[in-house]
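There are 2 protein chains.
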Amino acid sequence: MIFCDIGNTNAHLLIKERLHVKSIKEFLKLSFDEKVYYICVNDNIKSLLHVRKNFFDLEPYITFDTKYRGMGIDRICACKAVNDGIVVDAGSAITVDIMKNKKHMGGYILPGLTAYNTAYSSISTRLQLDIDKDVKLDKIPKNTKEAISYAAIKSIKLIIKNSAKNRKIYFSGGDGEYLAGFFKNAIYDKMLVLKVLQKTFDVLKASQGD
Amino acid sequence: MIFCDIGNTNAHLLIKERLHVKSIKEFLKLSFDEKVYYICVNDNIKSLLHVRKNFFDLEPYITFDTKYRGMGIDRICACKAVNDGIVVDAGSAITVDIMKNKKHMGGYILPGLTAYNTAYSSISTRLQLDIDKDVKLDKIPKNTKEAISYAAIKSIKLIIKNSAKNRKIYFSGGDGEYLAGFFKNAIYDKMLVLKVLQKTFDVLKASQGD
Chain A
18 MIFCDIGNTN AHLLIKERLH VKSIKEFLKL SFDEKVYYIC VNDNIKSLLH VRKNFFDLEP
78 YITFDTKYRG MGIDRICACK AVNDGIVVDA GSAITVDIMK NKKHMGGYIL PGLTAYNTAY
138 SSISTRLQLD IDKDVKLDKI PKNTKEAISY AAIKSIKLII KNSAKNRKIY FSGGDGEYLA
198 GFFKNAIYDK MLVLKVLQKT FDVLKASQGD
Chain U
18 MIFCDIGNTN AHLLIKERLH VKSIKEFLKL SFDEKVYYIC VNDNIKSLLH VRKNFFDLEP
78 YITFDTKYRG MGIDRICACK AVNDGIVVDA GSAITVDIMK NKKHMGGYIL PGLTAYNTAY
138 SSISTRLQLD IDKDVKLDKI PKNTKEAISY AAIKSIKLII KNSAKNRKIY FSGGDGEYLA
198 GFFKNAIYDK MLVLKVLQKT FDVLKASQGD
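Here the protein sequences come in this chain order: A and U.
When you read off a place in the first sequence, starting at 1, and then add 17, the result is the number in the numbering used here.
When you read off a place in the second sequence, starting at 1, and then add 17, the result is the number in the numbering used here.
Any copy, or any two copies together, can satisfy a pair, since identical chains are not distinguished.
Once the Cα atoms are required to be at most 20 Å apart in a straight line, the calculated EDC-like pairs of lysine to aspartate or glutamate come out as:
(1) Lys222 <-> Glu76
(2) Lys174 <-> Asp155
(3) Lys178 <-> Asp155
(4) Lys159 <-> Asp82
(5) Lys162 <-> Asp60
(6) Lys159 <-> Asp101
FYI, nobody ran anything at the bench for these hints, they're computed from the structure.
As the structure is a prediction and not an experimental result, all values here were calculated from the model.
Model the full assembly from the supplied sequences, consistent with the hints where possible.
Structure below.
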């Protein structure tokens with residue numbers, strides 16, 4: 018069987034305990050002989066998946082106790098993987114959630130790095146430059162490319178640091194490993210969401226005595 | 018005479034010592050009997066202004082010593098108005114610059130609040146919500162609107178605070194007054210740029226013995 022977390026930009030697939038990342042376009046071209054147990058936050062393709070007969074949506078079987086309203090199922094899964102600490106899923110958006118004794122305290126949503134590029138490009142052609150992940154955060158910028166890169170990355174770093182204090186920070190998502198590099202108390206786990214899908218499946222299977 | 022700072026979204030006009038703010042569309046419809054001394058960072062309309070015979074571009078007369086490359090003329094003017102401190106011009110983009118003993122140390126560029134909205138909307142229709150300026154920054158968000166508002170505003174606040182430490186922060190621009198509200202050491206001066214235009218004109222006039 019295959020476990021799959023389908024986002025707005027990419028799909029993350031767990032096939033024989035190995036992670037595969039595909040763009041949504043690539044993913045839709047794939048055909049699978051095995052059963053695919055998935056979650057999907059991408060409203061554009063949800064209906065396409067519902068009609069595939071070997072596709073099985075795990076979302077209805079995932080419960081999560083929180084006062085937060087409107088939490089995406091991928092974000093819920095990342096939080097379920099952590100008992101205590103900060104949960105950062107850095108993809109198209111960067112979601113940051115706070116877990117305390119298995120309880121979800123709330124969270125917030127930053128734009129992902131690509132969305133920062135979109136923001137800058139929307140202001141002026143002069144700001145149509147890609148963010149440079151190698152920018153130094155301890156030197157005041159001296160040109161436009163440094164200026165947008167420093168501002169986007171340092172502001173993300175500072176708000177996560179402000180939330181985390183000395184607590185552990187669990188990173189996942191496409192830019193998770195990169196952002197984890199800024200923190201001593203960071204753990205990067207690219208399987209954070211997929212592990213919860215697998216666990217949900219195991220519990221479901223056990224409950225059905227199958 | 019009229020002094021005018023033309024940005025990517027709005028034009029700020031100083032007419033008889035009073036400030037008027039017009040959208041670029043509104044501004045282009047206006048006709049002026051008096052001479053208009055202006056600066057313009059909006060590349061889309063620069064050529065339209067050059068052919069207006071009572072319009073006079075002050076940019077060539079504004080000098081600024083910095084190692085920073087690619088600084089917009091509006092940002093240069095805001096910095097020229099400050100000898101020591103942090104200079105924040107919060108418009109379509111939020112530029113943050115550091116001045117020390119009349120010397121420009123460098124700076125960085127955050128998206129403006131509208132550009133944050135554009136960034137969120139580009140990710141998913143679920144994030145197509147306007148940022149709520151009244152969001153509380155001391156409470157962890159419990160829904161999507163709070164989550165994007167908190168993240169955008171708090172990350173802006175934290176990076177400015179990190180740059181400023183205890184130095185004075187001079188705010189201008191459309192969201193300048195709002196952002197100044199987060200800092201004890203803030204000064205809001207909506208005329209920061211226009212005052213430098215007026216001063217440039219005065220020096221120019223004096224040098225021409227006119």
